[in-house]
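Undergrad: Listed below, chain by chain, are the residues.
Protein chains: 4
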Amino acid sequence: MARAAGTQRPTRIQREKTERVLEAALEVFSTYGYRGSTVDQIATQAGMSKPNLLYYFDGKSAIHVALLERLMSTWLAPLRAISGDGDPMDEIRTYVRAKVKMSRDHPRESRLFANEILQGAPHIPSLLTGELKQLVDEKAGILKSWMQAGKLAACDPYHLIFSIWATTQHYADFDVQVRTLLGTDSDQRFEDASTYLETLFLRGLRP
Amino acid sequence: MARAAGTQRPTRIQREKTERVLEAALEVFSTYGYRGSTVDQIATQAGMSKPNLLYYFDGKSAIHVALLERLMSTWLAPLRAISGDGDPMDEIRTYVRAKVKMSRDHPRESRLFANEILQGAPHIPSLLTGELKQLVDEKAGILKSWMQAGKLAACDPYHLIFSIWATTQHYADFDVQVRTLLGTDSDQRFEDASTYLETLFLRGLRP
Amino acid sequence: MARAAGTQRPTRIQREKTERVLEAALEVFSTYGYRGSTVDQIATQAGMSKPNLLYYFDGKSAIHVALLERLMSTWLAPLRAISGDGDPMDEIRTYVRAKVKMSRDHPRESRLFANEILQGAPHIPSLLTGELKQLVDEKAGILKSWMQAGKLAACDPYHLIFSIWATTQHYADFDVQVRTLLGTDSDQRFEDASTYLETLFLRGLRP
Amino acid sequence: MARAAGTQRPTRIQREKTERVLEAALEVFSTYGYRGSTVDQIATQAGMSKPNLLYYFDGKSAIHVALLERLMSTWLAPLRAISGDGDPMDEIRTYVRAKVKMSRDHPRESRLFANEILQGAPHIPSLLTGELKQLVDEKAGILKSWMQAGKLAACDPYHLIFSIWATTQHYADFDVQVRTLLGTDSDQRFEDASTYLETLFLRGLRP
DNA sequence: TATGAATGAGAATTCATTCAT
DNA sequence: GATGAATGAATTCTCATTCAT
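Protein chains in written order, with this note's numbering: chain A, 50 to 256; chain B, 50 to 256; chain C, 50 to 256; chain D, 50 to 256.
A couple of the hints might just be wrong.
Where chains are identical, the list cannot tell them apart; a pair therefore holds if satisfied intra-copy or between any two copies.
With a straight-line Cα cutoff of 30 angstroms, these simulated DSBU-like cross-link-like pairs (lysine-lysine) come out [unchecked claim]:
| hint | residue 1 | residue 2 |
| --- | --- | --- |
| 1 | 150 | 66 |
| 2 | 182 | 109 |
| 3 | 99 | 109 |
| 4 | 182 | 200 |
| 5 | 193 | 182 |
| 6 | 150 | 182 |
| 7 | 99 | 66 |
| 8 | 193 | 150 |
Calculated from the structure, these hints are not laboratory results.
Hey, can you work out the whole structure from these sequences and the hints?
TA: Spelled out as structure tokens, the structure:
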């Protein structure tokens, strides 16, 4: 455990430094991957010395895990927002739009998770089986109930969720490819993606 | 240039060894990423000594590039197969099924590319702008013509292609997550994915 | 850039270690040449670990360059001391004596430069064309003016300088040969060389 | 011992290959130094495979030694030509001119020896103490007798020889520096050197 | 807390030499 | 004789982590 993570409540300076490290780590890890990043890079990015950084975190791996854990809830917020009480088509449209927006505004977070999952999630085995699975099971249940109520085309709710994740996160994770093939760097691509995906899912899932 | 890559045509042993190295490299690179892989690992996996491996390839990077280049055409085969003469709905169904099949049968290749793109494609800048872009432009043209002929719902053909890539490759790239959330390792997931995606795209893109 | 070469002014320990490394490098490089020397040798000679050494210098080449640059001005001091106001014969005598003295007291520095020049000065192309050329041009001008004033035998001043360099540095660079052929290790050889060369140049250059 | 160096007299092909290797080795060793040269470079330069090269020579070191030994007599020819029967001033003039000519026509040989001596002649300890020393002693004797006969300024004959070596070989060994400082690549420099050195030595050594 | 200094364990690559045919 | 193949022993350099203050 990091020396600065005792039982006492964190001081202001501890919170600030922790924050700076995690922000720097997000930048570096999402760009170079876990193995391709060095503690030196993170320390430089955070504007502090390496030993000082390691005073707050128990090593490179600990930073990575802390980062993933901290981002998980933010990352899942849009999914959490899906309400069984809402209109299915509205809920899905909102979710798709929110996810595209996240790819535009938080591509680093998306790439961080993608990198981790891609390599088998070696650092966060519990996150997948825990919080995430529970949430997905719950939302899959809602989707299922909508289907049974005839408000949504019958299909496998898990694969439905996967397809929304895949299509929306694609704009963060495969950004280079997207920009290269579209031949433009304009942010318009996110608008276009939103429009296209909204159409695809609403038409594809309409009962 | 590698010592064994002169102007002469390769000998039998050269082809065999080259093959073994690339197969081993695919295994290792797709699992740990470029930076996370060591030449030692690849050599061991290929059952040869490190210097011997470097007798055939000019270093770690050269192996990686050779691998990516060699896989590119295989990887693009399904897209290439889309014919402007076929029935749009049939062509898309076939493409989606072929891509899901590739995710099942060649997940390592998919992850290799995903890893590379995710980090900005530092090793293959030309592959994206060259062969790939040309092919995608061509197929986007076909899709466009179908839309104009009223045989396909009007939408952005590039984003259409992206959505097929994203949803199908998801089953290779995010395999751990998929298996964890589905709670099973059964290969049935690929069937289910195919069925779901076929429905999604056919309904979503029907004119 | 070396980790320890930031913008801050160097600490005491930095100066000391840097000094130790350069001293060790002088010893090793001048004995085995650049390619024949290993960082390990230098580290051992300096009494520190290899990574520690590389904490202060950015690699083998950087040590070499730093060494050459640092020695250049010391090395050129005798030439710089030649004054257009002095008596030509006195100035030349003094210069020859100073150069022989340097070969006796600083043979390693001489060999270091000789090694570098011998292989085409691959590490210090700018040192030759810069500082050195400017200084030599200036002193050649002084020699020329002496010749025009009839105070010195007319000859090519550049070749004059070369001949002084060659004859004096010979006692450092070709030391093994000199000692072997003279059949003695006595320091007397430097006295004898001085005497002989003084006579040669004074008689040879007298107007 | 090399496999091809048995007791039998060498075949034509053996002589040819040996020749090619030594010529290639001269080129490579004189450019990069012993340690800086690789057997690969020499083999390539000689237009043969590495194992084939090593079939004729017993390793890198053996090539080096063979080369140095073979060149020694050529290298010493001008010195050998000094005759006690000739006119001292003529003999010296001829010797100086011959040595400058060698620097122009055989700079690689000069650099090869310089490199070797500079690093303490680790490969040819016996050459210095043997053949060379004997020859120098002999010629020093001739010079001494000339001095005693009043035909040559009295001075140390060994240092006299050193000074001729140093000044003339300088144009081969320190070629880069010479060309840089003269600001020209013209072969005129050898003429100028000859003229200057002839004057220097004749005036300096005239009785 | 903070940081300059230090290091052991790699990791990529080179190279002289040997093997096997 | 000749050469494609193979390797052990370096050699340079990196990096996460620890030490000392």
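Undergrad: With reference to the structure, classify each hint as holding or not holding.
TA: Now for the hints, and whether the structure bears them out:
no., hint, verdict
1, 150 x 66, "within (28 angstroms within a copy, 47 angstroms between copies)"
2, 182 x 109, "within (27 angstroms within a copy, 38 angstroms between copies)"
3, 99 x 109, "both (11 angstroms within a copy, 24 angstroms between copies)"
4, 182 x 200, "within (24 angstroms within a copy, 40 angstroms between copies)"
5, 193 x 182, "within (16 angstroms within a copy, 40 angstroms between copies)"
6, 150 x 182, "both (23 angstroms within a copy, 26 angstroms between copies)"
7, 99 x 66, "both (13 angstroms within a copy, 21 angstroms between copies)"
8, 193 x 150, "both (26 angstroms within a copy, 26 angstroms between copies)"
Violated hints for the displayed structure: none, as all numbered hints are satisfied.
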